[in-house]
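These are the residues of each chain, in order.
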Amino acid sequence: DVVLTQSPLSLPVTLGQAASISCRSNQSLVDSDGNTYLNWFQQRPGQSPRRLIYKVSNWESGVPDRFSGSGSGTDFTLKISRVEAADVGIYYCMQGTHWPRTFGQGTKVEIK
Amino acid sequence: VQVVQSGTEVKKPGSSVKISCKISGYIFTDYHMHWVRQAPGKGLEWMGRVDPEDDETSYAPKFQDRVIITADTSTDTSYMELTGLTSEDTAMYYCTTLRVAGAVDYWGHGTQVTVSS
Chain A
33 DVVLTQSPLS LPVTLGQAAS ISCRSNQSLV DSDGNTYLNW FQQRPGQSPR
83 RLIYKVSNWE SGVPDRFSGS GSGTDFTLKI SRVEAADVGI YYCMQGTHWP
133 RTFGQGTKVE IK
Chain B
10 VQVVQSGTEV KKPGSSVKIS CKISGYIFTD YHMHWVRQAP GKGLEWMGRV
60 DPEDDETSYA PKFQDRVIIT ADTSTDTSYM ELTGLTSEDT AMYYCTTLRV
110 AGAVDYWGHG TQVTVSS
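Protein sequence lines correspond, in order, to chains A and B.
Residue 133 in my numbering sits at position 101 of the first sequence; the count goes up by one each step and never skips.
Residue 29 in my numbering sits at position 20 of the second sequence; the count goes up by one each step and never skips.
Hints in this document: simulated from the structure, not taken from any laboratory.
Among the clues, some could well be false.
The calculated BS3-like cross-link candidates involving lysine-lysine, where the alpha carbons are at most 27 Å apart (straight line), are [said to hold, decoys possible]:
id : chain 1 : residue 1 : chain 2 : residue 2
1  : A       : Lys-87    : A       : Lys-111
2  : B       : Lys-51    : A       : Lys-87
3  : B       : Lys-51    : B       : Lys-31
4  : B       : Lys-71    : B       : Lys-31
5  : A       : Lys-140   : B       : Lys-27
6  : B       : Lys-71    : B       : Lys-27
7  : A       : Lys-144   : B       : Lys-27
8  : A       : Lys-144   : A       : Lys-111
9  : B       : Lys-20    : B       : Lys-31
10 : B       : Lys-20    : B       : Lys-51
11 : B       : Lys-27    : A       : Lys-111
12 : B       : Lys-51    : B       : Lys-27
So that you can see chain A by itself, here it is in the shape it has in the complex (with noise of 0.2 Å):
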């Protein structure tokens, strides 16, 4: 199986500063069509994952542009360019291009 390191694990942020959560994978994730299919997804407490960003850098529909994804073959990022109270929560990372489909470990945001 495809394992996906994310880190840190644990991330305090100051509010209205920029954070950043690294996803690395233990094989690439170029697909044979030629696509990389990484997703992240945001989970606030108490409620069910939401995808933010597939294909790397592609945003969902309705997310905000302060989140980005970056990245290629085995080493992605997600960037919060200026972090709301909202952001509190779990991100994660899964990849979307081998069978079964895995996901990191999680990210924790919190405000400082």
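On the provided structure of chain A, position chain B as indicated by the hints.
Showing chain B alone in chain A's frame:
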């Protein structure tokens, strides 16, 4: 779009559970339906998926021997049955389209399953 899951379940060790997930607002056969679970205080774990168009399934190796995921196109409902329950199966279970491309993705609200003697 609505994704409505069945309610809380409390089960005995060794028993089985079957959870439903009914969608509305999109064409059921357009997207696969995946099942993901989350143990208390833990991360997300993919269990498997079904293609409602042709009933093709694939499962995570960990669950291969004891999970069955189905889709009923007459009611736009997916089901996930898990057998041989242990306390390790206590978790929130989500159905989701878990799309890897395309601008929208849908998740149910989750079904809590507690396994206790």
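Outcome of the hint check:
Our distance criterion of 27 Å between C-alpha atoms is met by Lys-87/A and Lys-111/A, whose separation comes to about 15 Å. Between Lys-51/B and Lys-87/A, the direct Cα distance comes to roughly 25 Å. Compliance with the 27 Å bound is thereby established for this hinted pair. About 26 Å separates the Cα atoms of Lys-51/B and Lys-31/B, which keeps this hinted pair within 27 Å; it holds. Restraint check for Lys-71/B and Lys-31/B: satisfied, since their Cα atoms lie roughly 25 Å apart, inside the 27 Å limit.
For the hint pairing Lys-140/A with Lys-27/B, the CA-to-CA distance comes to about 31 Å; that exceeds 27 Å, so the pair is violated. Taken as a hint, the Lys-71/B and Lys-27/B pair is honoured in the structure, with Cα atoms around 18 Å apart against an allowance of 27 Å. Taking the CA atoms of Lys-144/A and Lys-27/B, the gap is about 42 Å. The hint is violated against a cut of 27 Å. Between the alpha carbons of Lys-144/A and Lys-111/A the distance comes to roughly 17 Å, so the proposed pair stays at or under 27 Å and holds.
Only pairs whose Cα atoms come within 27 Å are accepted, and Lys-20/B paired with Lys-31/B is accepted, the gap being roughly 22 Å. The hinted pair formed by Lys-20/B and Lys-51/B meets the criterion: a straight-line CA distance of about 20 Å does not exceed 27 Å. Distance check on the hinted pair: Lys-27/B and Lys-111/A sit about 39 Å apart at the alpha-carbon level, beyond 27 Å; violated. Straight-line distance between C-alpha atoms of Lys-51/B and Lys-27/B comes to about 22 Å, which keeps the hinted pair within the 27 Å bound.
Going through the hint list in order, the structure does not satisfy hints 5, 7, 11.
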